[in-house]
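Undergrad: In order, the protein sequences belong to chains F, U, H, X, E and L.
Oh and the first sequence: position 2 is 2 in the working numbering, straight run, nothing missing.
If you want the working numbering, it's the 1-based position in the second sequence plus 103.
If you want the working numbering, it's the 1-based position in the third sequence plus 206.
If you want the working numbering, it's the 1-based position in the fourth sequence plus 309.
If you want the working numbering, it's the 1-based position in the fifth sequence plus 632.
If you want the working numbering, it's the 1-based position in the sixth sequence plus 955.
Don't read these hints as lab results, they were simulated from the structure.
Each residue gets a CB set at the ideal place from its N, CA and C atoms; glycine is no exception.
Errors might be hidden in some of the hints.
Claimed, not checked - Below, a list of computed lysine to any residue pairs in the SDA-like style, where the Cα atoms sit at most 20 Å apart:
{"no.": "1", "chain 1": "L", "residue 1": "Lys-1152", "chain 2": "E", "residue 2": "Phe-839"}
{"no.": "2", "chain 1": "X", "residue 1": "Lys-506", "chain 2": "E", "residue 2": "Ser-827"}
{"no.": "3", "chain 1": "H", "residue 1": "Lys-213", "chain 2": "F", "residue 2": "Arg-8"}
{"no.": "4", "chain 1": "U", "residue 1": "Lys-109", "chain 2": "F", "residue 2": "Arg-8"}
{"no.": "5", "chain 1": "H", "residue 1": "Lys-225", "chain 2": "E", "residue 2": "Leu-657"}
{"no.": "6", "chain 1": "U", "residue 1": "Lys-122", "chain 2": "X", "residue 2": "Asn-473"}
{"no.": "7", "chain 1": "X", "residue 1": "Lys-506", "chain 2": "L", "residue 2": "Gly-1073"}
Stated by the list, open to error - Some residues of chain U that are not near chain H, with every Cβ distance over 12 Å (derived):
{"no.": "8", "residue": "Gly-146"}
{"no.": "9", "residue": "Ala-173"}
{"no.": "10", "residue": "Leu-175"}
{"no.": "11", "residue": "Leu-179"}
{"no.": "12", "residue": "Gln-180"}
{"no.": "13", "residue": "Val-181"}
{"no.": "14", "residue": "Arg-188"}
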Amino acid sequence: MQMFAKKRIEILIERAVLKRLTDELERTGVSGYSVAPLAGGRGRAGRWEADGQIGDAAGMFALWCIVDAARLDELLQVVFAIVARQVGLVSVSDVQVVRPERF
Amino acid sequence: MQMFAKKRIEILIERAVLKRLTDELERTGVSGYSVAPLAGGRGRAGRWEADGQIGDAAGMFALWCIVDAARLDELLQVVFAIVARQVGLVSVSDVQVVRPERF
Amino acid sequence: MQMFAKKRIEILIERAVLKRLTDELERTGVSGYSVAPLAGGRGRAGRWEADGQIGDAAGMFALWCIVDAARLDELLQVVFAIVARQVGLVSVSDVQVVRPERF
Amino acid sequence: MLALAVQNLVSPSVLFFGMGLGASLGRSDLSVPEAIARFLSLYLLISIGFRGGAEVAHQGVTSGLALAILAGIVLSAGLPFVAYTLLRYGAGLDHVNAAAVAGHYGSISAVTFVAITGALTQLALPYDGYMIAVAAAMETPAIFSALVIARSGQGRAKGEWSGNFLREIALNGSIVALLGAFVVGCITGERGMSSLKPFLLDAFPGFLCVFLLDMGLIAGRGLRDGWRSLSPAVAGFAWVMPLIGAAFAALFAWLIGLSAGSTAILMTLGASASYIAVPAAMRLALPAANPAIALTLSLGLTFPFNLIVGIPLYIAAAQTIAR
Amino acid sequence: MLALAVQNLVSPSVLFFGMGLGASLGRSDLSVPEAIARFLSLYLLISIGFRGGAEVAHQGVTSGLALAILAGIVLSAGLPFVAYTLLRYGAGLDHVNAAAVAGHYGSISAVTFVAITGALTQLALPYDGYMIAVAAAMETPAIFSALVIARSGQGRAKGEWSGNFLREIALNGSIVALLGAFVVGCITGERGMSSLKPFLLDAFPGFLCVFLLDMGLIAGRGLRDGWRSLSPAVAGFAWVMPLIGAAFAALFAWLIGLSAGSTAILMTLGASASYIAVPAAMRLALPAANPAIALTLSLGLTFPFNLIVGIPLYIAAAQTIAR
Amino acid sequence: MLALAVQNLVSPSVLFFGMGLGASLGRSDLSVPEAIARFLSLYLLISIGFRGGAEVAHQGVTSGLALAILAGIVLSAGLPFVAYTLLRYGAGLDHVNAAAVAGHYGSISAVTFVAITGALTQLALPYDGYMIAVAAAMETPAIFSALVIARSGQGRAKGEWSGNFLREIALNGSIVALLGAFVVGCITGERGMSSLKPFLLDAFPGFLCVFLLDMGLIAGRGLRDGWRSLSPAVAGFAWVMPLIGAAFAALFAWLIGLSAGSTAILMTLGASASYIAVPAAMRLALPAANPAIALTLSLGLTFPFNLIVGIPLYIAAAQTIAR
Ligand SMILES: Nc1ncnc2c1ncn2[C@@H]1O[C@H](COP(=O)(O)O)[C@@H](O)[C@H]1O
Ligand SMILES: Nc1ncnc2c1ncn2[C@@H]1O[C@H](COP(=O)(O)O)[C@@H](O)[C@H]1O
Ligand SMILES: Nc1ncnc2c1ncn2[C@@H]1O[C@H](COP(=O)(O)O)[C@@H](O)[C@H]1O
Ligand code: NA
Ligand code: NA
Ligand code: NA
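Okay, chain F solo, but in the shape it has when bound (with noise of 0.2 Å):
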């Protein structure tokens, strides 16, 4: 089958900014993102795990997006302004997908 090459922008949040990352992304008019749950990690602001956490800040998402690479620029500052002053951490690869005009 023949492939098209796109960004896959990955970005871990904490769950009380998750609403305002998705709301910023919806804003930009992404196509599509996914999230997935964290259990657990360990950063800057040390190790932490999902299970047992109480409250409503608990926990991290990683959520990513497949997105065009001439886009990618315009989405990165997106993201940045929210994630920039958070626990959080962003990065960029490479994917191939089949259907080019989705994203």
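Start from chain F and add chains U, H, X, E and L with the ligands according to the hints.
TA: Below, chains U, H, X, E and L with the ligands alone, put in the same frame as chain F:
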């Protein structure tokens, strides 16, 4: 360590269809695959969240499969035969592994 | 935005061994890692599903770690010392990040 | 009847549904964790099934049971054709979506079943324990009717009637849980019930409230997001179809001579629409259908309609009809 | 008083907290699944809210209720300023973290509320059912005070007082659950309570034990990891602030003439610190603050302090103070 | 004895196990969410532990307790050697897998423990409350024996007996939960029990049914997938070993003079095999072993054998043996 290039197919798929897909993958003789739960997302079919969903159809999963590049096309055919008409997304990326004989 | 190339190590690992791995990673001084739950999969050891499993050993996780290419080999050694004899899988891919000094 | 409607309206479970509805329409981030939501539906099915089985163990199997089950199956298989006609030609919904929604309305809603039995108990109107078996029997036939309808329109993907697919439908987790618990209830009878009573019976209203809170949250989300995709005619269907389903059920109940209580139950089953087992089957069988339409109709419109308007109406009608 | 302290100390829920604390300090891998932990906090909020509502339905709305709610709001809004002063100038914590922690101490802890009502019931000391409404009212004002404080120091990101943000705070899931259940309780009153009693009341001590086991696990993790980031002065704050909060609350209770039981509750609310709703608001509003500091203080130090030392003290004081 | 076997067979919990087994052998997609399954095992351990502790608080610590614990430890440490011999030389299983399975059979099954105490209560045959402490004590020694066995064969990776590893085993979450709840039960005694009764006692049979449904689902999956990897001899081991374990336990019980009820319990503990705590330890210590073998044997074959054949047999034998 010496690394060997392989392909990673990632398929986002509804709970209701997951079993069909894994059964089919096993029939083609893939060496393995992994499945992770999604917590939410947005696509052409709109926004959804895993939390609170009732019903046996609720929920989506990310399934990925590390395979040899030689088998990529064959597997994509199999995958698309199942996923094409459903809510879902297929993407492919490059990975490197240490033990090439496993895939 | 200017992006910097890094490596992403992904390790699929059993619950029982996860703590050993994270302890060891912290000892080597990685800047961070993330862990996500798996819902199921298939490998040489057969098919498994997270749902319904009882017992403290049940379940697998995907752990990933974004690191500088210079540290890749060292970390793979550490990882393989723990994962080699277990059910599991290690793969490496390329990612790009915005703040290279974090890794 | 009005008194009952009001009383129904201010029962804790309906209020929790309203609370969930309000919270999600107001965009609160209140949510029930996925694992809990799935546990609650398993719990409800087991509790309902077990109690039905224990009732049958108590009363024994009668010819009435067989007749009622037969009536239920015919209703479940037949109503989708009525619903499809209304949706396709009355409301102008496209072929595949009309077929999928029709499948939901032939099948039944377990929580609405609970609500009607609760109302009957409060009114001290007796009903037959085996009606739970009727409810279980009505779960699946509608799925096959929906497939027949969908197929009649256009050629569809192969493999749809394969043994594999039939097994997927029949061994659906929800149906296995409901029927399995029913069998366990039949076998262990009162002895089993006495040991499980605190969990399956006494705690039931509490678990139900959390479940209904969750249903309210989902219904609200559906209404918020799905509002635009529903034409007024399609939305109207969600309030007309229950009355039609109940009318057919009333006819059948009268034909086989059910008691007033059981008639009210059969009417409610006919009037209610599925949101647990059928959506999964439709995703498998009719992937081109938009799942949000059926869910919003059944959960967001029909379910509250039945709770508030329907059930009091069906009870009043049943008391007139039953011989 | 000592007897009550000891009795409090050997209640199952406190012991389960200790068990969790010990397990996680000893690095056991004991854990409560995330979905269960989230369900338990939903359950606690619903149970507390519903019982409060049912109590109000029973006793009716009085002018005492309005006054007590007013007192609670003033306390919740005012205490953060006291807490900030102590933290910033007494304990030398930096500006943003001091503001964030102060927000936690103005708000309240639902589980500490449960503990004081439990102790009062054991002592047969009556209190007003509407105190749950006071507790609910005290949840949020502290958040806004924390923002005012944080802002006063330095220019902060725009959009912080936007309607959007206010809605995020007001429609926080925990607050909706608590208030929603309160309203349901008010409406359904005793009839609702009788059907939900086995789930919401009888099972409560059991669910609470699991929740406290989990809280102990988190507190232990916090203490283990966060030990180094806490100076002795900041740690000391966690034991001094409750006494100050309780003292202010005692004054207010005296001014509005609360009964001894209700005075003890208001003191406990003033003394307790939030770990459910406020942390989420602080992550949104003050992302630069380290969430581990507030959580370790409130859960690891203040919560056990209130259980063991505080509550007996507050009750004794309340009995002296109340007119 | 046959009557008891039949009655055991038609208890709700056994039937739910059968329902799960059937559903997963028939490839139904019925499942219990992971978080719920983990909560249920935590609940069972806490409930069992707490009740044991409350019993000990009631009856006091006796010399019988110390002796019984000692017997349990010796059994747990000794049985793996018997099991290994059978598996390695009788059934031809390879070295590492034989060692790992042997570890499971030295340890105990909490649910089988519940089943035997249930049967004894039904028969009004008294037993000592401290047997729960014996059960807890039997959890871990078998793990170390399995390691000794595995090591004796071949040189193994370093670090296996490190303090770290011992701590991992001893602080295993399940063991901490069981022993912690036991201690809480000892301290709070009857007062604690009365507040936790609705949750820990009354709701227990219900939660147990869901847990057993889940165990049935796993056992079925194991049997379906693992069928081929089990030789008939290895499968036979799963029905022979319980009898041997029970026989050794009977000898010990007779030596220390246990009552008939307690003898039956010790026999059942000897006969049962672990599937909660030991699998985790074996994954850490003997990663080369295939976890599916032990799980299928203990859950799919030994557990139902003990429920149906074993327990009535052990009770009958215990009544003959006990002095
Ligand atoms: N190098 C890394 N690789 C993978 N995940 C990371 C890395 N650094 C941080 N994270 C994740 O990002 C979260 C927040 O990081 P931080 O903001 O540095 O505390 C951590 O809890 C991890 O889940
Ligand atoms: N561009 C995208 N990037 C990441 N995930 C996506 C994207 N588009 C769709 N998805 C995911 O795929 C699911 C189905 O998409 P769709 O079939 O377009 O509704 C969505 O719910 C998302 O979880
Ligand atoms: N080719 C593969 N692609 C993706 N995941 C795999 C693959 N092979 C194995 N896995 C995952 O790794 C786990 C352990 O594999 P194994 O050690 O081969 O049993 C499996 O249960 C899968 O979750
Ligand atoms: Na219907
Ligand atoms: Na406070
Ligand atoms: Na044993």
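Undergrad: Each of the hints needs a verdict: does it hold here or not?
TA: How the hints compare with the structure:
1. For the given pair, L:Lys-1152 sits about 12 Å from E:Phe-839 by alpha-carbon distance, which is consistent with the 20 Å threshold.
2. Pair hint X:Lys-506 plus E:Ser-827 holds up; C-alpha atoms about 14 Å apart against a cutoff of 20 Å.
3. For the suggested pair H:Lys-213 and F:Arg-8, the alpha carbons sit about 15 Å apart, so the restraint of at most 20 Å is met.
4. A threshold of 20 Å between alpha carbons decides the hint, and for U:Lys-109 with F:Arg-8 the separation of about 18 Å falls inside it, so the pair holds.
5. Taking the CA atoms of H:Lys-225 and E:Leu-657, the gap is about 15 Å. The hint holds against a cut of 20 Å.
6. This hinted pair checks out: U:Lys-122 and X:Asn-473 have alpha carbons roughly 12 Å apart, not beyond 20 Å.
7. With a C-alpha separation of about 17 Å, the suggested pairing of X:Lys-506 with L:Gly-1073 holds against the 20 Å cut-off.
8. For U:Gly-146, the shortest C-beta to C-beta distance to chain H comes to about 20 Å, beyond the 12 Å cut-off, and the non-interface label holds.
9. Against chain H, the non-interface label of U:Ala-173 holds: every CB pair exceeds 12 Å, the least being about 18 Å.
10. Against the 12 Å criterion, U:Leu-175 stays outside the reach of chain H, whose nearest CB is about 16 Å from its own CB.
11. At roughly 19 Å, the least C-beta separation between U:Leu-179 and chain H is larger than 12 Å, which holds for a residue marked as non-interface.
12. At the 12 Å boundary, the C-beta of U:Gln-180 stays outside the reach of chain H, the nearest C-beta of that chain being 20 Å off.
13. Every CB of chain H is more than 12 Å from the CB of U:Val-181 (nearest about 15 Å), matching its label as outside the interface.
14. The beta carbon of U:Arg-188 is kept farther than 12 Å from every beta carbon of chain H, the shortest such distance being approximately 23 Å.
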